[in-house]
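Spelled out, the chains give:
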Amino acid sequence: MIWNAAQLCELLAGELEGDGTTEIYGPSQIDKGIPGTVTFLANPKLEDHAYDTQADVIIVSREFSPRQPLKASLIRVDDVRQAMQKLVEKFSVNGRPEEGISALASVKEGFDLQSGVSIGPFVTIEKDVRIGANAVIYPHVYIGKGCILGEGVILYPGVRLYPNTRIGNRCIVHANAVIGCDGFGYRPDEKGHYQKIQHIGTVVLEDDVEIGANAVVDRGTLGVTLIKKGTKIDNLVQVAHNVTIGEHTVIAAQAGIAGSSTIGSGARIGGQVGIAGHLKIADRVEIQAQSGVHTGKYPEGSRIFGYPAIPYNDYLKAYAVFKHLPEYMRRIEELEKQVSDLKKDKA
Amino acid sequence: MIWNAAQLCELLAGELEGDGTTEIYGPSQIDKGIPGTVTFLANPKLEDHAYDTQADVIIVSREFSPRQPLKASLIRVDDVRQAMQKLVEKFSVNGRPEEGISALASVKEGFDLQSGVSIGPFVTIEKDVRIGANAVIYPHVYIGKGCILGEGVILYPGVRLYPNTRIGNRCIVHANAVIGCDGFGYRPDEKGHYQKIQHIGTVVLEDDVEIGANAVVDRGTLGVTLIKKGTKIDNLVQVAHNVTIGEHTVIAAQAGIAGSSTIGSGARIGGQVGIAGHLKIADRVEIQAQSGVHTGKYPEGSRIFGYPAIPYNDYLKAYAVFKHLPEYMRRIEELEKQVSDLKKDKA
Amino acid sequence: MIWNAAQLCELLAGELEGDGTTEIYGPSQIDKGIPGTVTFLANPKLEDHAYDTQADVIIVSREFSPRQPLKASLIRVDDVRQAMQKLVEKFSVNGRPEEGISALASVKEGFDLQSGVSIGPFVTIEKDVRIGANAVIYPHVYIGKGCILGEGVILYPGVRLYPNTRIGNRCIVHANAVIGCDGFGYRPDEKGHYQKIQHIGTVVLEDDVEIGANAVVDRGTLGVTLIKKGTKIDNLVQVAHNVTIGEHTVIAAQAGIAGSSTIGSGARIGGQVGIAGHLKIADRVEIQAQSGVHTGKYPEGSRIFGYPAIPYNDYLKAYAVFKHLPEYMRRIEELEKQVSDLKKDKA
Chain A
202 MIWNAAQLCE LLAGELEGDG TTEIYGPSQI DKGIPGTVTF LANPKLEDHA YDTQADVIIV
262 SREFSPRQPL KASLIRVDDV RQAMQKLVEK FSVNGRPEEG ISALASVKEG FDLQSGVSIG
322 PFVTIEKDVR IGANAVIYPH VYIGKGCILG EGVILYPGVR LYPNTRIGNR CIVHANAVIG
382 CDGFGYRPDE KGHYQKIQHI GTVVLEDDVE IGANAVVDRG TLGVTLIKKG TKIDNLVQVA
442 HNVTIGEHTV IAAQAGIAGS STIGSGARIG GQVGIAGHLK IADRVEIQAQ SGVHTGKYPE
502 GSRIFGYPAI PYNDYLKAYA VFKHLPEYMR RIEELEKQVS DLKKDKA
Chain B
202 MIWNAAQLCE LLAGELEGDG TTEIYGPSQI DKGIPGTVTF LANPKLEDHA YDTQADVIIV
262 SREFSPRQPL KASLIRVDDV RQAMQKLVEK FSVNGRPEEG ISALASVKEG FDLQSGVSIG
322 PFVTIEKDVR IGANAVIYPH VYIGKGCILG EGVILYPGVR LYPNTRIGNR CIVHANAVIG
382 CDGFGYRPDE KGHYQKIQHI GTVVLEDDVE IGANAVVDRG TLGVTLIKKG TKIDNLVQVA
442 HNVTIGEHTV IAAQAGIAGS STIGSGARIG GQVGIAGHLK IADRVEIQAQ SGVHTGKYPE
502 GSRIFGYPAI PYNDYLKAYA VFKHLPEYMR RIEELEKQVS DLKKDKA
Chain C
202 MIWNAAQLCE LLAGELEGDG TTEIYGPSQI DKGIPGTVTF LANPKLEDHA YDTQADVIIV
262 SREFSPRQPL KASLIRVDDV RQAMQKLVEK FSVNGRPEEG ISALASVKEG FDLQSGVSIG
322 PFVTIEKDVR IGANAVIYPH VYIGKGCILG EGVILYPGVR LYPNTRIGNR CIVHANAVIG
382 CDGFGYRPDE KGHYQKIQHI GTVVLEDDVE IGANAVVDRG TLGVTLIKKG TKIDNLVQVA
442 HNVTIGEHTV IAAQAGIAGS STIGSGARIG GQVGIAGHLK IADRVEIQAQ SGVHTGKYPE
502 GSRIFGYPAI PYNDYLKAYA VFKHLPEYMR RIEELEKQVS DLKKDKA
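Protein chains in written order, with this note's numbering: chain A, 202 to 548; chain B, 202 to 548; chain C, 202 to 548.
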């Protein structure tokens, strides 16, 4: 979406001071303005930034009177926050594919198109797939045999659903995420060569789950890898086979959950956290970024940290001493000398 | 694949108690049953779960006599484990693309199709590519110029092979994995600006290697990034340029191996492990999840842990003390006071 | 690209000793030679490797006289390094798609094709996209509505650009990287259910930025996620919403930067590093692999390490003591006993 300053001004019923032909491709924040963007001066405390922002256009109130010369053009409006809201809506048009099935998609015979569904170019839909009303399937998505998708699902470009994956209503899966691939399961034979364990389970995402870009959720070995309703998973997260994640839990980027572990509801898991396999993590546990969780013994609502993770404050206190270990080492040595002297004196 | 309970029952030559029209899309475990699935009661110790499982159908022996009412339908069979095996085979049909080259694929002239090869829609195959018999190339795969693939290779949707990649027989590469991209190599010029080092090496996967979803293996700078036979690599793993990984090694999800390191055979590398560059790691080393390996000095078969990694038991013992450091700090302070008192007394 | 030994020899105006029909698919290093490759003996110190390399062809000087029998064929040339350079150029031909728009691409009407641009099969280009001269768009790339790409940009297969992303001149984005997806932002409602915060900002990559395979850069919430000129980002890195990264910074594989943090120019960030949100990291800071950065207080040019990160040498010194903590614990206990004895004696 490219606008020029004059068009933006008209949209906002504002008054333009400056060059109407300047092209604008999006919004930016006034303290991080960049060329080609429009920004806002809604908070008077940020006025200083108005004079050095690199944004090309600033939306200001009709009353705004600059204290010094401005490089940016101005659009004066009655209500800056309302104007901002209006622009946000304009720029958020996200180019979803058109309703219906693109002539460039590959959809197996017998597919039953529900109302409001969009299927973009180069989408592959295998046999026995069902997709609920108003779902949006962006280009380059692969939907394996027997997958079932709820209403209003959004699959961004390049999402891969292995066969029999089940996606609840209103779930969002971001670009290039992979759901339902084989778990990492092998049996070493007598020579130590790994023989693959067939994975024929599935993945179930309940309603309102969101999965980040390039994240991976493995299918169950025999059963189900289950992510319960309302849970949000960030980019590049790994969820291994047979894991269960409770409701309304958030998992930040690059965290990994090993096979067969169960995470409670309302948990908050930081970025790059690693959770070992076969654990049961309680509800509402908060795990600090990068922690390594090797046991499930922490009670509901605990906050943990470290590698292996221990209670958050215990880790911070121990680490505060850790930083001074060389000094403590010297103090121990000094004590040893003094005690040795005392003993000699006594003898 | 969607079945109803009556069809399943017929397949298993069983006896149905309940609604034959219930739809079933896959199997689940009895203690983690979910709607729309079939489960099994083979182990009498799990009988309690039969009464509260959310699975819609339970396969039981002909003799099974419930102690209380059941929500699920039952299919009674002669041999529960045999029935389970039969279903596993049925559900594992994974919807591979049809044999031959899809009319929707883009394959350069001169490609020589071997027997039993399947090439799905929207696959791109560049010049001078060779693919062995019985290989399965799922939709949306990209195979760059000059790649050579062995027999029985499986490339799942969205796999990207950069030019000249070599994939051995029976290798499996999961969805959206990238093999052969440029290594992360730059030379800072006199201004500190990074100039790209051209990478013209290749990647070689020997026979029976498996690579997880969204994993990345960089090409060699000039030479080869080599993964030897039988090695299994999990999702989201990073293998940098010029790395060599020995035979029958397993590397869990999100681990990363920096440039030019060599990993031995029969090694076991945990999730999120980081291995620095230019190291030589011995055979059969076992590296605990999240460890950071900064040296290759550990002997064959060692087990290591920590950041930087040290012998496993040493880390656990040191960490056991670490957790109580604030207490030891106080004990040192107390000792200092007492020794000071003793010295004063003496004076 | 597959050559045989005789063709290579002709290309290099050399003299062949051995089988001219041997097929060669690429170069390798002499100490890591593998079948099907050509290698070089330029450094006399490496001569021992010439006798046991598995490469099929070795390029040597006209004067080279082997001390023992060789398995490989030889190509004798006047200048080994010059020949090497020539081959490197030959093998680096990377199979870019042909100039123009592939008949198998999906490009919205109104797209204005600049000179020298290549757009491969199964590329999707949405409305209002602009692409500069000489850009190369490999197969299976998705370019969302309103994206603007500079001159000479290279997007490898499967790259996904969400709408309104802006890519500077000569940027390179590797396969399956995702740029511009929604940030991980939710507001918990009164029941603790997460409500999605709409992300309508953008991503801007300035000139000469490189992004690794399967990396992810989130769009700004309202403003911009900004990666400044000359910065290089490795595979599987996560850059969250509203982050700013300075010029000529390098970030190694699997590192993650949480929302709204600012990284300075000329910084060096190791693999698997995690940087918390809302920090301001100074210029030229060097962060050791796997460190966790929880504060921005480190001055320009510092080197830091640990979890949480502290000055590099401080961490190493503290960790050196950490490894011997069980011994120090015993020494404290011993001291306590001795001091207690001394006190008893005195009493």
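No lab work stands behind these hints: they were computed from the structure.
There's no promise every hint is true.
As the list claims (entries may be wrong) - Think about it this way: if two alpha-carbon atoms lie no more than 35 Å apart in a straight line, the pair counts; the simulated DSBU-like pairs of lysine-lysine are:
#: 1; chain 1: C; residue 1: Lys538; chain 2: B; residue 2: Lys524
#: 2; chain 1: C; residue 1: Lys291; chain 2: A; residue 2: Lys544
#: 3; chain 1: C; residue 1: Lys538; chain 2: B; residue 2: Lys545
#: 4; chain 1: B; residue 1: Lys544; chain 2: C; residue 2: Lys346
#: 5; chain 1: C; residue 1: Lys392; chain 2: C; residue 2: Lys430
#: 6; chain 1: C; residue 1: Lys309; chain 2: A; residue 2: Lys287
#: 7; chain 1: C; residue 1: Lys287; chain 2: C; residue 2: Lys246
#: 8; chain 1: C; residue 1: Lys498; chain 2: B; residue 2: Lys518
#: 9; chain 1: B; residue 1: Lys498; chain 2: C; residue 2: Lys397
#: 10; chain 1: B; residue 1: Lys481; chain 2: A; residue 2: Lys397
#: 11; chain 1: A; residue 1: Lys392; chain 2: A; residue 2: Lys481
#: 12; chain 1: C; residue 1: Lys309; chain 2: C; residue 2: Lys246
#: 13; chain 1: C; residue 1: Lys498; chain 2: A; residue 2: Lys518
#: 14; chain 1: B; residue 1: Lys498; chain 2: C; residue 2: Lys309
#: 15; chain 1: A; residue 1: Lys544; chain 2: C; residue 2: Lys518
#: 16; chain 1: C; residue 1: Lys272; chain 2: A; residue 2: Lys328
#: 17; chain 1: A; residue 1: Lys309; chain 2: A; residue 2: Lys392
#: 18; chain 1: C; residue 1: Lys246; chain 2: B; residue 2: Lys547
#: 19; chain 1: B; residue 1: Lys498; chain 2: B; residue 2: Lys346
#: 20; chain 1: A; residue 1: Lys246; chain 2: A; residue 2: Lys272
To be verified - Restraint-style ranges between C-beta atoms, simulated for each label pair:
#: 21; chain 1: C; residue 1: Gln399; chain 2: A; residue 2: Arg504; range: 26 to 32 Å
#: 22; chain 1: B; residue 1: Asn514; chain 2: A; residue 2: His394; range: 24 to 30 Å
#: 23; chain 1: B; residue 1: Asn514; chain 2: A; residue 2: Ala521; range: 24 to 30 Å
#: 24; chain 1: B; residue 1: Ser262; chain 2: A; residue 2: Lys309; range: 34 to 40 Å
#: 25; chain 1: A; residue 1: Lys309; chain 2: B; residue 2: Phe265; range: 35 to 41 Å
#: 26; chain 1: C; residue 1: Pro236; chain 2: B; residue 2: Pro389; range: 34 to 40 Å
#: 27; chain 1: B; residue 1: Glu535; chain 2: C; residue 2: Asp546; range: 48 to 54 Å
Glycine included, each C-beta is placed from N, C-alpha and C at the ideal position.
Now for the hints, and whether the structure bears them out:
For the suggested pair C/Lys538 and B/Lys524, the alpha carbons sit about 23 Å apart, so the restraint of at most 35 Å is met. For the given pair, C/Lys291 sits about 80 Å from A/Lys544 by alpha-carbon distance, which is inconsistent with the 35 Å threshold. Between C/Lys538 and B/Lys545 the CA atoms are separated by roughly 19 Å; this keeps the pair inside 35 Å, and the hint holds. In summary, the hint linking B/Lys544 to C/Lys346 is not supported, as the alpha carbons are separated by about 80 Å, beyond the 35 Å threshold.
Taken as a hint, the C/Lys392 and C/Lys430 pair is broken in the structure, with Cα atoms around 44 Å apart against an allowance of 35 Å. For the suggested pair C/Lys309 and A/Lys287, the alpha carbons sit about 27 Å apart, so the restraint of at most 35 Å is met. For the proposed pair C/Lys287 and C/Lys246, the alpha carbon gap of about 23 Å is at most 35 Å, so the pair holds. Among the hinted pairs, C/Lys498 with B/Lys518 is consistent with the structure: their alpha-carbon atoms are about 32 Å apart, no more than 35 Å.
Among the hinted pairs, B/Lys498 with C/Lys397 is inconsistent with the structure: their alpha-carbon atoms are about 49 Å apart, more than 35 Å. Taken as a hint, the B/Lys481 and A/Lys397 pair is honoured in the structure, with Cα atoms around 28 Å apart against an allowance of 35 Å. At roughly 34 Å between alpha-carbon atoms, A/Lys392 and A/Lys481 fall within 35 Å of each other, so this suggested pair holds. About 59 Å separates the Cα atoms of C/Lys309 and C/Lys246, which puts this hinted pair outside 35 Å; it is violated.
Of the supplied pair hints, the one linking C/Lys498 and A/Lys518 holds, its CA atoms being roughly 20 Å apart against a limit of 35 Å. Restraint check for B/Lys498 and C/Lys309: not satisfied, since their Cα atoms lie roughly 58 Å apart, outside the 35 Å limit. Taking the CA atoms of A/Lys544 and C/Lys518, the gap is about 31 Å. The hint holds against a cut of 35 Å. About 53 Å separates the Cα atoms of C/Lys272 and A/Lys328, which puts this hinted pair outside 35 Å; it is violated.
With a CA separation close to 44 Å, the supplied pair A/Lys309 and A/Lys392 exceeds the 35 Å bound. For the hint linking C/Lys246 to B/Lys547, the alpha-carbon distance of about 70 Å lies beyond 35 Å, and the restraint is violated. Distance hint between B/Lys498 and B/Lys346 is unfulfilled; the C-alpha atoms sit about 40 Å from each other, more than 35 Å. Only pairs whose Cα atoms come within 35 Å are accepted, and A/Lys246 paired with A/Lys272 is accepted, the gap being roughly 19 Å.
At roughly 30 Å, the beta-carbon separation of C/Gln399 and A/Arg504 lies within the given 26 to 32 Å, and the hint holds. For the pair B/Asn514 and A/His394, the supplied restraint of 24 to 30 Å holds, since their beta-carbon distance comes to about 29 Å. Judged by the Cβ atoms, the range 24 to 30 Å given for B/Asn514 and A/Ala521 holds: they are separated by roughly 26 Å. Roughly 38 Å separates the CB atoms of B/Ser262 and A/Lys309, a value that falls within the hinted 34 to 40 Å.
Against the hinted window of 35 to 41 Å, the Cβ-Cβ separation of A/Lys309 and B/Phe265 comes to about 39 Å, which satisfies the hint. The given range of 34 to 40 Å is respected by C/Pro236 and B/Pro389, whose C-beta atoms sit roughly 36 Å from each other. As the Cβ distance of B/Glu535 to C/Asp546 is approximately 19 Å, the hint placing it in 48 to 54 Å is violated.
Going through the hint list in order, the structure does not satisfy hints 2, 4, 5, 9, 12, 14, 16, 17, 18, 19, 27.
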